[in-house]
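Protein chains: 2
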Amino acid sequence: MSAKPVLQLNGLDLEKMAGTAEALKKDSVLAKFQFRAKNAWISGGENRSTIKDFYGAGAEDTSRGKPFVFTNGEPPVLLGDNEGANPVEFLLHALAGCVTTTFVLHAAARGIRIESISTELAGDIDLQGLLALDESVFPGYEQIRMKMDIKADCSDEALDELLRFTQKHSPVCNTVCRPVPVVVERVVNR
Amino acid sequence: MSAKPVLQLNGLDLEKMAGTAEALKKDSVLAKFQFRAKNAWISGGENRSTIKDFYGAGAEDTSRGKPFVFTNGEPPVLLGDNEGANPVEFLLHALAGCVTTTFVLHAAARGIRIESISTELAGDIDLQGLLALDESVFPGYEQIRMKMDIKADCSDEALDELLRFTQKHSPVCNTVCRPVPVVVERVVNR
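So the protein sequences, as listed, match chains D and P. Residues 1 to 190 in the numbering used here are what the first sequence lists, from first letter to last. Residues 1 to 190 in the numbering used here are what the second sequence lists, from first letter to last.
Isolated chain D (complex conformation):
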């Protein structure tokens, strides 16, 4: 009795990866996903999200027994008590993760073996915007910079090309660097 070996690269099952791509090529509706979160305000700058279900690959996902729970907070200088990282910091975490995962995925598709990736992010923001002290100040991040230290079994040129490709295809990176509509609706209780 011999088990079939699982071909892995960068921690990804190459056969499953190719199968997913093939299935989506045949039926592009399977690529439509909806991600969700619920959030409840606690007090001041503290609030908490629960994240569990989502729709994708043609069905509601049932793989998660328990929700993920994350708490936003603010540091004392922003009137909080460090109850959690703050929302603009969580955005940096989302961006770092998405660029990294997109890079690792397409590296595997190209047969590039990644040894390590370490990233430092910094985002500049002028809080006159948030506080509405000057309506000419943009309230979002002015710019976000990422420095990625990547070790892999390929040339520097191949890494640079893959990094450009990654920026073009990372969902969070494109949600940040291009405009995405946010529709906010208030539930009216009658």
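Among these hints, one or two may not hold up.
[Said to hold, decoys possible] Using 25 Å as the maximum straight-line C-alpha spacing, the simulated SDA-like pairs for lysine to any residue come out as follows:
#, chain 1, residue 1, chain 2, residue 2
1, P, K38, D, L163
2, P, K25, D, E142
3, P, K26, D, L133
4, P, K168, D, V137
5, D, K38, D, L24
6, P, K32, D, L163
7, P, K147, D, D124
8, D, K52, D, L24
9, P, K25, D, S136
10, P, K52, D, V69
11, P, K25, D, A40
12, D, K168, P, E185
13, P, K32, D, D124
14, D, K32, P, A152
15, P, K16, P, R113
16, P, K66, D, V69
17, P, K25, D, L79
18, D, K66, P, R113
19, P, K168, P, G65
20, D, K26, D, K38
21, P, K52, D, P76
22, D, K168, D, V29
23, P, K52, D, E83
24, P, K38, P, E185
25, D, K38, P, K32
26, D, K32, P, E142
27, P, K16, P, D153
Just so you know, the hints here were simulated from the structure itself, not pulled from any lab data.
Please build the complex by placing chain P on the supplied structure of chain D, with the hints as guidance.
Below, chain P without anything else, positioned relative to chain D:
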């Protein structure tokens, strides 16, 4: 001996809030903040961020003894093992938190007492973009919808007006709905 009472609204110290606004009006350089994150790849779609220091109000912040640590993961349908929420889900958490905190802050500034805020978010995304199966498909969220259930001691009209004001001033909301440059640089090891 009598302690001066702390005037609070929505969990925010109103005196400290007014003081912060006054200080920033006098010296707008104090409003310049830089937030940061470090991220390290683990395997496949799993990676981890640490968030601790930032610059703001004219100084490096020293209020956090330990870093916040967050793990990105992917569900099985996206080749992972639910090691954590995934990056596009963390972005929803960041957005929910920022809109909520911006709303609560400006409610306090207007003397509106918030009783509760519960928010549901849903974001649509076509993974043909991430997977580079169709270059015409936008890789980011197509749209994000937020439904906010808000209870407060003011009229529906005042809530609607405050919600429009919030959308215009929330840092994460504006980082999403308007284009923000992301500069990715590879560290070259010599």
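Here's how the hints hold up against the structure:
1. P:K38 <-> D:L163: holds (18 Å)
2. P:K25 <-> D:E142: holds (20 Å)
3. P:K26 <-> D:L133: holds (11 Å)
4. P:K168 <-> D:V137: Since the Cα atoms of K168 of chain P and V137 of chain D sit roughly 11 Å apart, the hinted pair holds (cutoff 25 Å).
5. D:K38 <-> D:L24: Cα-Cα ~29 Å, so violated.
6. P:K32 <-> D:L163: violated (30 Å)
7. P:K147 <-> D:D124: violated (29 Å)
8. D:K52 <-> D:L24: Holds. K52 of chain D to L24 of chain D sits at ~24 Å (cutoff 25 Å).
9. P:K25 <-> D:S136: Roughly 14 Å separates the two Cα atoms, so the pair holds.
10. P:K52 <-> D:V69: Satisfied, since the Cα-Cα distance of roughly 19 Å is no more than 25 Å.
11. P:K25 <-> D:A40: violated (32 Å)
12. D:K168 <-> P:E185: Roughly 14 Å between the alpha carbons, so the hint for K168 of chain D and E185 of chain P holds.
13. P:K32 <-> D:D124: holds (7 Å)
14. D:K32 <-> P:A152: violated (37 Å)
15. P:K16 <-> P:R113: holds (17 Å)
16. P:K66 <-> D:V69: holds (19 Å)
17. P:K25 <-> D:L79: Holds. K25 of chain P to L79 of chain D sits at ~17 Å (cutoff 25 Å).
18. D:K66 <-> P:R113: violated (33 Å)
19. P:K168 <-> P:G65: Violated. K168 of chain P to G65 of chain P sits at ~34 Å, over the 25 Å cutoff.
20. D:K26 <-> D:K38: Violated, at about 33 Å.
21. P:K52 <-> D:P76: Holds - the C-alpha atoms of P76 of chain D and K52 of chain P are around 13 Å apart, at most 25 Å.
22. D:K168 <-> D:V29: Holds, because 22 Å separates the two Cα atoms, which is no more than 25 Å.
23. P:K52 <-> D:E83: holds (13 Å)
24. P:K38 <-> P:E185: holds (14 Å)
25. D:K38 <-> P:K32: violated (31 Å)
26. D:K32 <-> P:E142: Roughly 11 Å between the alpha carbons, so the hint for K32 of chain D and E142 of chain P holds.
27. P:K16 <-> P:D153: Holds - the C-alpha atoms of D153 of chain P and K16 of chain P are around 23 Å apart, at most 25 Å.
Hint check: violations occur at hints 5, 6, 7, 11, 14, 18, 19, 20 and 25; the rest are consistent with the structure.
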